[in-house]
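Letter by letter, the chains look like this.
There are 2 protein chains.
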Amino acid sequence: MLIKNCDFVVTQNKEREILRNCDVKIRNDKIIEIGENLDGDVLIDGKSKALLPGLINCHTHLAMTFLRGYADDMEVNEWLQKKIWPMESKLTKEKVYEGSLLGCKEMIRSGTTCFNDMYLFMNETARAVEKSGLRAVLCSVYFDFTKEDIFSDEFNLVDKFKKHDRIKFVFGPHAPYSCSKELLIKSREFMDGNKCGAHIHVAESKKEIEDLKKKYGKSPVELLNEIDFLNDRVLMAHGIWLSDEDIEIIKEKKVKLAHCPVSNMKLASGVMRLFDLWKNGIVVGLGTDGCASNNNLDMFEEMKFAALLHKIDKMDSTVAKAQEVFDMATLKGAEALNMEKEIGSIEIGKKADLITLNLEDYNMKPVHDIVSNIVYSANGGNVNDVIVNGKVLMKDKLINKFN
Amino acid sequence: MLIKNCDFVVTQNKEREILRNCDVKIRNDKIIEIGENLDGDVLIDGKSKALLPGLINCHTHLAMTFLRGYADDMEVNEWLQKKIWPMESKLTKEKVYEGSLLGCKEMIRSGTTCFNDMYLFMNETARAVEKSGLRAVLCSVYFDFTKEDIFSDEFNLVDKFKKHDRIKFVFGPHAPYSCSKELLIKSREFMDGNKCGAHIHVAESKKEIEDLKKKYGKSPVELLNEIDFLNDRVLMAHGIWLSDEDIEIIKEKKVKLAHCPVSNMKLASGVMRLFDLWKNGIVVGLGTDGCASNNNLDMFEEMKFAALLHKIDKMDSTVAKAQEVFDMATLKGAEALNMEKEIGSIEIGKKADLITLNLEDYNMKPVHDIVSNIVYSANGGNVNDVIVNGKVLMKDKLINKFN
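From first to last, the protein sequence lines are chains L and P.
This note's numbering runs 276 ahead of the 1-based position in the first sequence.
This note's numbering runs 276 ahead of the 1-based position in the second sequence.
Treat the hints with care, as some may be off.
The list makes no distinction among identical chains, and a pair is therefore deemed to hold if it is satisfied within one copy or across any two copies.
To be verified - No more than 27 Å apart at the CA atoms, straight line, and that leaves these computed lysine-lysine pairs for DSSO-like:
(1) 358 - 590
(2) 323 - 371
(3) 529 - 494
(4) 490 - 673
(5) 590 - 482
(6) 369 - 359
(7) 641 - 366
(8) 323 - 673
(9) 527 - 555
(10) 366 - 407
(11) 641 - 358
(12) 494 - 323
(13) 641 - 673
(14) 483 - 597
(15) 617 - 371
(16) 359 - 590
If you're looking for bench data, these hints aren't it; they were derived computationally from the structure.
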């Protein structure tokens with residue numbers, strides 16, 4: 277099967293090659309050949325299109341699409357306590373399934389092919405992901421007050437999906453301020469036994485740091501390090517309020533980060549120390565966060581916000597360059613999820629997780645620099661076709677029906 | 277002619293009423309009735325749609341679509357001197373016409389119905405606007421080095437379009453740092469005689485302020501005030517580096533401002549003192565700036581950037597609320613262009629400049645708060661239909677052909 281005669285193939289390989297008038301051949305779930313004039317059946321006509329690796333959203337709460345626009349422009353604690361948590365306390369399996377389905381559709385429509393999600397009733401989200409054809413790393417979030425047995429396979433679902441080709445489950449302790457030290461230690465023991473990763477909120481707000489300093493005399497990163505929680509299978513969402521010592525620990529333990537600029541701006545959480553993290557070789561992916569604090573799942577928008585937030589924050593228009601930001605949404609996202617051997621670039625042997633952008637759309641014309649157009653001009657609506665695991669999920673802006 | 281049975285009519289009238297299941301009747305170029313079960317031919321079916329006033333883009337350089345993605349992530353003076361100006365020095369009438377046509381198409385596609393533009397060869401932009409059906413305030417930009425006779429009708433075009441129903445010309449001195457005091461004085465005299473407004477860049481960069489202080493011992497606003505340039509027909513683009521004294525002058529002289537958050541972030545120009553301007557009752561519209569520094573013309577994206585930039589800048593998630601930002605893109609934009617009697621809201625007697633958003637698009641679901649969805653969830657791709665001056669320019673996301 278061929279994606280034939282693409283105007284641009286933005287490979288995101290080591291050399292960041294951009295190929296012109298090029299075909300990409302896939303067999304089953306994999307990319308098997310890249311070049312000109314390849315033989316095979318045409319799956320997608322690449323004329324007037326740019327082919328990119330599918331975008332990777334490193335921090336979401338998918339089912340929260342149902343809370344889109346439910347509460348905005350509020351102080352964050354009031355927002356959580358008066359609006360979000362009361363609504364979530366009434367959450368049902370049905371609501372989570374419905375919200376997850378909508379989220380899957382929105383992600384396909386806007387070119388995300390893999391995402392890292394944390395929420396409640398995750399069996400329902402997994403059902404939606406399974407039907408949708410997307411790839412995902414999921415986890416059932418838990419807090420001190422969680423009543424279910426966190427370590428049962430029914431709750432954490434790690435074992436149940438061990439052999440799934442598109443879905444993987446990791447552990448989901450909500451945050452060091454909402455999970456006790458004991459709970460985190462138990463989690464770490466379980467994760468070690470299962471060689472399972474974790475997805476956790478860390479250092480999102482200044483208040484969190486102050487509260488933990490009071491309680492433990494440590495930062496959240498120091499606390500997690502003390503109990504030996506940290507390793508290269510741990511992904512921290514947000515990671516805004518990090519000290520130099522925290523960054524040193526993150527570097528040493530090879531912890532991954534998910535940067536969520538839109539959510540961080542909308543909730544006025546703060547600005548991640550992106551360049552200090554990069555300087556230390558730390559892997560930073562990009563995420564939208566949930567629709568209650570974004571309020572969409574558009575990774576193209578997220579890229580533009582990432583680039584522009586750091587330029588204005590540093591008062592330097594040369595930082596957070598288009599290529600660097602595009603890397604966060606592809607290659608670095610794959611690394612953040614420990615999937616860099618499978619996804620994140622268009623290379624032989626990698627999974628066929630691919631999207632095209634329609635270059636006939638007015639906001640995509642002309643193309644002086646395709647990476648610039650991807651990061652600074654495009655939005656999710658410019659995505660024309662989506663392939664995940666070798667299967668076409670959207671063609672000509674129409675997604676396959678699933679429910 | 278009716279827009280029939282809209283799920284939402286977001287009127288932007290004084291009470292900011294949002295009407296449900298409502299019709300809007302238009303005759304020729306005007307809105308003549310708003311209510312339920314009105315009689316008439318159905319022009320647009322409003323089911324699953326939100327009807328809004330067309331968005332107003334208060335600062336653009338339309339033809340610069342041809343420079344989209346041509347140069348990014350550079351220091352601003354290097355960017356101008358090495359990339360933008362050399363390219364512009366080779367500018368032709370044909371290039372301006374072509375770029376303007378593309379820009380018109382992009383604006384219609386993304387829901388802008390009126391814009392305020394400044395560039396070269398403006399007769400060509402006017403030709404494109406005329407064909408496109410859009411509404412615009414245009415001006416021929418000039419600098420000290422401009423060779424043409426600025427005061428000839430051929431150049432400034434103010435007289436030529438005096439009776440046009442959709443196009444108005446004002447004066448376009450580039451900025452107080454690129455036009456001498458003498459040139460600005462002459463411009464003011466001409467404008468007084470013609471009762472003509474002006475569109476001018478002011479206080480975009482810190483360097484500009486320092487340079488002018490050195491040259492004149494005054495800020496750009498003080499300089500313009502000294503020569504009696506300022507009145508309610510003057511619109512200043514950017515207005516970032518304003519002193520308290522500048523704000524006092526702007527308030528007193530009822531000068532209007534165009535806020536361009538995306539461009540200001542991308543070029544790392546600075547953050548406008550939006551709340552100080554609002555506190556003083558100063559009218560602030562919203563603009564995308566040109567495609568060389570944005571790199572698109574999407575006013576939905578611009579609204580989200582405006583809201584989020586000021587939240588993170590003030591570290592306060594309650595400021596720059598959705599309704600306030602939506603006002604900037606509609607009502608306040610109309611005021612900034614002195615067109616508040618004609619456009620900016622859905623009210624009887626106003627021009628039929630209207631757009632619909634498709635509420636079936638995944639990123640628009642569900643609707644808890646339509647204004648939140650407009651500002652925080654939507655992008656230009658969600659625009660379904662566009663009407664300007666009573667004429668349908670786009671239906672079901674397909675724009676009328678024109679060239």
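How the hints compare with the structure:
no.	hint	in the structure
1	358 - 590	between (35 Å within a copy, 23 Å between copies)
2	323 - 371	between (40 Å within a copy, 25 Å between copies)
3	529 - 494	within (17 Å within a copy, 55 Å between copies)
4	490 - 673	neither (52 Å within a copy, 55 Å between copies)
5	590 - 482	both (20 Å within a copy, 15 Å between copies)
6	369 - 359	within (20 Å within a copy, 56 Å between copies)
7	641 - 366	between (47 Å within a copy, 20 Å between copies)
8	323 - 673	both (15 Å within a copy, 21 Å between copies)
9	527 - 555	within (10 Å within a copy, 46 Å between copies)
10	366 - 407	within (25 Å within a copy, 54 Å between copies)
11	641 - 358	between (45 Å within a copy, 22 Å between copies)
12	494 - 323	neither (56 Å within a copy, 55 Å between copies)
13	641 - 673	both (18 Å within a copy, 18 Å between copies)
14	483 - 597	between (31 Å within a copy, 23 Å between copies)
15	617 - 371	neither (35 Å within a copy, 46 Å between copies)
16	359 - 590	between (34 Å within a copy, 23 Å between copies)
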